[in-house]
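These are the residues of each chain, in order.
4 protein chains.
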Amino acid sequence: MVKIGIIGIGRIGKIHTENICYNIPKAEVTAIADINMTDKVIKWADGLGINRCYKDYRKILGDKDIDAVLICSSTNTHAPISLEAIKASKHVFCEKPIDLEVHKIMEVINALEEKNLKYQVGFNRRFDHNFKAVREAVSNGKIGDPHILKITSRDPAPPSIDYVKVSGGLFLDMTIHDFDMARYLVNSDVEELYVQGDVLIDEEIGKAGDVDTALISMKMENGTLAVIDNSRKAVYGYDQRAEVFGSSGMLTTSNDKQSTAMLSNEQGVLSEKPLYFFLERYMDSFREEMSCFINAIVNDEPVPVGVYDGLKSVIIGMAAKKSLEEGRPVKISEIKF
Amino acid sequence: MVKIGIIGIGRIGKIHTENICYNIPKAEVTAIADINMTDKVIKWADGLGINRCYKDYRKILGDKDIDAVLICSSTNTHAPISLEAIKASKHVFCEKPIDLEVHKIMEVINALEEKNLKYQVGFNRRFDHNFKAVREAVSNGKIGDPHILKITSRDPAPPSIDYVKVSGGLFLDMTIHDFDMARYLVNSDVEELYVQGDVLIDEEIGKAGDVDTALISMKMENGTLAVIDNSRKAVYGYDQRAEVFGSSGMLTTSNDKQSTAMLSNEQGVLSEKPLYFFLERYMDSFREEMSCFINAIVNDEPVPVGVYDGLKSVIIGMAAKKSLEEGRPVKISEIKF
Amino acid sequence: MVKIGIIGIGRIGKIHTENICYNIPKAEVTAIADINMTDKVIKWADGLGINRCYKDYRKILGDKDIDAVLICSSTNTHAPISLEAIKASKHVFCEKPIDLEVHKIMEVINALEEKNLKYQVGFNRRFDHNFKAVREAVSNGKIGDPHILKITSRDPAPPSIDYVKVSGGLFLDMTIHDFDMARYLVNSDVEELYVQGDVLIDEEIGKAGDVDTALISMKMENGTLAVIDNSRKAVYGYDQRAEVFGSSGMLTTSNDKQSTAMLSNEQGVLSEKPLYFFLERYMDSFREEMSCFINAIVNDEPVPVGVYDGLKSVIIGMAAKKSLEEGRPVKISEIKF
Amino acid sequence: MVKIGIIGIGRIGKIHTENICYNIPKAEVTAIADINMTDKVIKWADGLGINRCYKDYRKILGDKDIDAVLICSSTNTHAPISLEAIKASKHVFCEKPIDLEVHKIMEVINALEEKNLKYQVGFNRRFDHNFKAVREAVSNGKIGDPHILKITSRDPAPPSIDYVKVSGGLFLDMTIHDFDMARYLVNSDVEELYVQGDVLIDEEIGKAGDVDTALISMKMENGTLAVIDNSRKAVYGYDQRAEVFGSSGMLTTSNDKQSTAMLSNEQGVLSEKPLYFFLERYMDSFREEMSCFINAIVNDEPVPVGVYDGLKSVIIGMAAKKSLEEGRPVKISEIKF
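Residue numbers (UniProt numbering), protein chains in the order written: chain F, 1 to 337; chain S, 1 to 337; chain Z, 1 to 337; chain L, 1 to 337.
The hints are simulated quantities; they were obtained by calculation from the structure and are not laboratory data.
Some hints here could point you the wrong way.
If chains are identical, the list can't say which one is meant, so a pair holds when it fits in one copy or spans any two.
[As the list claims (entries may be wrong)] Pairs of lysine-lysine, DSSO-like flavour, derived with a Cα cap of 30 Å:
id: 1; residue 1: 96; residue 2: 59
id: 2; residue 1: 142; residue 2: 207
id: 3; residue 1: 43; residue 2: 3
id: 4; residue 1: 64; residue 2: 43
id: 5; residue 1: 115; residue 2: 55
id: 6; residue 1: 321; residue 2: 207
id: 7; residue 1: 233; residue 2: 142
id: 8; residue 1: 59; residue 2: 43
id: 9; residue 1: 331; residue 2: 64
id: 10; residue 1: 207; residue 2: 115
id: 11; residue 1: 59; residue 2: 233
id: 12; residue 1: 40; residue 2: 115
id: 13; residue 1: 26; residue 2: 3
id: 14; residue 1: 26; residue 2: 207
id: 15; residue 1: 322; residue 2: 233
id: 16; residue 1: 312; residue 2: 104
id: 17; residue 1: 40; residue 2: 312
id: 18; residue 1: 40; residue 2: 14
id: 19; residue 1: 322; residue 2: 40
id: 20; residue 1: 322; residue 2: 3
id: 21; residue 1: 59; residue 2: 3
id: 22; residue 1: 55; residue 2: 43
id: 23; residue 1: 104; residue 2: 55
id: 24; residue 1: 14; residue 2: 3
Chain F on its own, in the form it takes in the complex (with noise of 0.2 Å):
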């Protein structure tokens, strides 16, 4: 039986502390701390059986019970709190990114070094089931060499613009689960990018000094063609599909829905949206990744998601933000830290 502690208890908190309550019976929630442990949260925990509530971090780092710990907390925290965690042996799955900066990125990579600690991030959507058939379809060979890779990734409502002023813009806050995705679906790194980006949905985005809608070619290291459409706006819905072109075949996903039904009318044939935001779509890839990184602890097997695919989306974000800023096409190794 594994033990958790989980750092944050916001709204993926909480859907992790859930999975692991609800479905994951090779591991249970010792603690929870939450910097606002409120009576709301602590009667939460309680319905789930968890008695050890609090509002320092630090006492779920201590306590010598506790195998492995959650970072869900905010993004600013996640660094430095992998740190302390490592040090304090702590098997680490912490949420995506894990800094806004790549030089403390390393110095995580550094900690681990000599450390025998599973560290997996949260790019949840490899484990999606439209992506995760894909990318299998692809490794076995179903078509060919890929030539020409299109994720189309675009939110049903802009965020705050608060959130926009800090969560490091569209490029890492959105598209890293995009350039993690192109990385898993072709299993190829990025070697190069060209951003073309602009403010067609709200000029507060524009003023927080953000872009709303992005295309982003890339160039993979396996020679793959790539490109990304990003939009903060989809009337629709959450629009997450991918679609892999080689030598022998084609595949492509669709979006998944509430259900099949359809209405044909004198209007036409109706089906429905595409299930609204991350939360609907991606509920099973959340209890999924969860499970494969208590697994990754019980049998000592290597994380499906590390620490350096946590490195490499940010260094693409990062390159991302040098093409807008320069509007010329950017190499991954130009980027230096």
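Could you slot chains S, Z and L onto chain F? The hints should help.
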């Protein structure tokens, strides 16, 4: 060059004429006849290079130049003109049904007996790209032995009450196509059927002695269980689908549409309605059936839809009427003539 | 907190147990009983925090702590245990069918009469996301008056011959779900039906006195013409679809799949098969039906599928058997008890 | 009756000839010319009722009867024959591209200046049912302001190396259609583009100085971010799709297929491949573009695709070549002529 005379220049007569003129190099329309040979029709024929325009179809039958006739006049004339045309040694393409009475069709069959003439019946749907693909796949064993056959056939709007009164009713003017389709798709005759029918759309249809909605379940001679569902009014357009389920798979078709365009918005994902009616959906099939008729003449090969196919659909239609009237399953062999 | 005892720990008993433990906060499993209470089951129960594991279900019925029981034992025990449970004033969730004999179901109905107890029957498909969406759209008038209803229900593989011999046959073990679905989708009872059935898959099924392929055409009390088609063996997996056609539109569903991935190559465009069988397809519906049962108890509301629903499906199934035996349409009112 | 002379009787010249003869009542083909006027072509023309068959296209230009010419000869002759035809006061339909050099297209534009002549360029895809539906929906505001445009355009097999050497390369023989489609779908010109291209299919194409796979990202003047992806070899057939995403919705198209038949079996659910190549996919569009050309002459209306459309696609193609060569984004305004 096969020389054709066309008898009856209504909607379908015009379609056949233009198809022969424009798309069938091996045939030409030498003459046309219509009881109402208007100036407008004469002008239309002139534009197609057709100069012989008669009121009396007998002029066509008496023309030694003419090899074959198309009988596109009203249903009650099909059998008598067929008989005269056969006597005049013309090949015949006759629109369905040959007649509403079996003994009159038998006369046509008898007349054909010692003649080496082609006689094709206008079951155009056999030449539709979707149904042809299903038939071929079934014939090629793609689904093993057929077990269940489902045909959906719904018109976008009911015909006029005047038409309902003389058409022979739902089973002989509309379902007759589906009876032929059932025989075609699983390559077997009907053994027994049971009909449920009702007036759900327009009371006037009921007053005219017909139903407007029906469900016909059939047992085919090869053991396939089959069901046809009919409606005189599908608000979303012409609904023409088939499904054949067998021991090693299933074949399905969907409706044709004007375009593949789909609109995703806050209401959902909207695609187009099916093509409106038979002229839109089956235009290619009219061309194809005519091409096959001409080829059968040129190459002296059997026609793809013969006089017995015409007979059998009418007999099945009569069995359907009997089943509805008597509220019991009826064997095809019960229909005497 | 509703306290539950579960009687019969086979496949479905385990599913309900785990669903209550993991997903229904308002209920807990207090005790389980199974005639074969193995060490393996005891260990599994222990992992779920269930300590009271009995061989004799009467210990559950005698336990004052327990509010409700789930009857998941073999079909022949459903009615007698129901009676005992009602006598012991337990709410009951009973797997379908309540019994294969109508008079035994009547005893259960009578026993319930002066008790204020909930009695829900396990027609889980009503809670499936696709069928629920159709039912809601029909109820909301999206298609106007329903005219034609089509239900496709095909299993991926036949059950064992031993099961066929005791199950009550195709109509009472398999089609019973579809009878209930027909009543649910158009919110109307069945008036009359006519059955065609045959042995097309496995002669052993025929020797056991049953059919393996059937087409059931029905007239619903609200005038809808309905057809159900069944097969014991669809090589491509569990085929569970419905179509409701009405005066102002049509609703259709398609099968659920493991992923939306599609592979285009020289053979064509290949998408996945339907989910394999009911455990895969209907897992969410089992959770949902249980949640509704618990809510009905907690809020003292009517159950969504009551004892009369259980009764009616059995009566329809008996009418279906009669129709097949006698080769004629049978009115539901002909079934006496 | 518009009298047409057709110059160049290759594959596309024949298609236009037959379309005019069979499907466009307002026009007739008076004469044809081809540098290789074989007996086979003469016989084919005779079958269509065309008697004037020349080796020298100047005979057509000198024929006072003839109102309009179609230039379907090899690319390098398009501009010079256009100039001669304009001088001879013929309306012109010219296959794309007008020329591979901008200054030669400018000569044609200048020659047209004081003439009241129609000059249409053969961008047939604008007349495709799918793309036309998208254009109309975008124009009607169905998706609000366009933000992202994606065009997929992949051939089933590469052309001969000989063709690659003279065609102007991928961007001028293949992508040129997609550049025009981008301008058409969002009704805006291209401002800037960036190209990634590589030789992933056939090294011989690389040796001939071309690429066979490309990703072109563009900024349109109206702010839309656009991407075109091209491959010379899609093993599953001709892949021609578009997606336009905007502030209030998204439009997508899928490929046309020979039939809607689908086969479900143990391997999955198999539907047909896209239609093989442009002759299959775009046959209707060739008919439609010709019909529009004739209507423009008859009604003295603007042609739907004019000489400037022909010019602009070539300029964009040159910008694409420059971007690939120089590895940087290129503004369309950089292309001087």
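We went through each hint and held it up to the structure:
1. 96 - 59: Within. Shortest intra-copy distance 23 Å satisfies the 30 Å Cα cut-off; inter-copy 52 Å does not.
2. 142 - 207: between (46 Å within a copy, 29 Å between copies)
3. 43 - 3: both (20 Å within a copy, 21 Å between copies)
4. 64 - 43: both (25 Å within a copy, 28 Å between copies)
5. 115 - 55: within (28 Å within a copy, 51 Å between copies)
6. 321 - 207: Close inside one copy (16 Å), not across copies (36 Å); limit 30 Å.
7. 233 - 142: The answer is between: 16 Å across copies meets 30 Å, while 34 Å in one copy does not.
8. 59 - 43: Classified as within; 19 Å inside a copy, 34 Å across copies.
9. 331 - 64: neither (45 Å within a copy, 62 Å between copies)
10. 207 - 115: Classified as neither; 44 Å inside a copy, 52 Å across copies.
11. 59 - 233: neither (41 Å within a copy, 58 Å between copies)
12. 40 - 115: The answer is neither: 37 Å in one copy and 39 Å across copies each exceed 30 Å.
13. 26 - 3: both (9 Å within a copy, 26 Å between copies)
14. 26 - 207: neither (48 Å within a copy, 48 Å between copies)
15. 322 - 233: Close inside one copy (24 Å), not across copies (34 Å); limit 30 Å.
16. 312 - 104: within (13 Å within a copy, 49 Å between copies)
17. 40 - 312: neither (38 Å within a copy, 47 Å between copies)
18. 40 - 14: Within one copy only: 12 Å inside, 32 Å across.
19. 322 - 40: Neither. Shortest intra-copy (43 Å) and inter-copy (60 Å) distances fail the 30 Å Cα cut-off.
20. 322 - 3: Result: close neither inside a copy nor across copies, 42 Å intra and 60 Å inter.
21. 59 - 3: within (14 Å within a copy, 36 Å between copies)
22. 55 - 43: The answer is within: 15 Å in one copy meets 30 Å, while 37 Å across copies does not.
23. 104 - 55: within (25 Å within a copy, 60 Å between copies)
24. 14 - 3: both (16 Å within a copy, 26 Å between copies)
Consistency with the previously given hints fails for numbers 9, 10, 11, 12, 14, 17, 19 and 20, ordered from lowest to highest.
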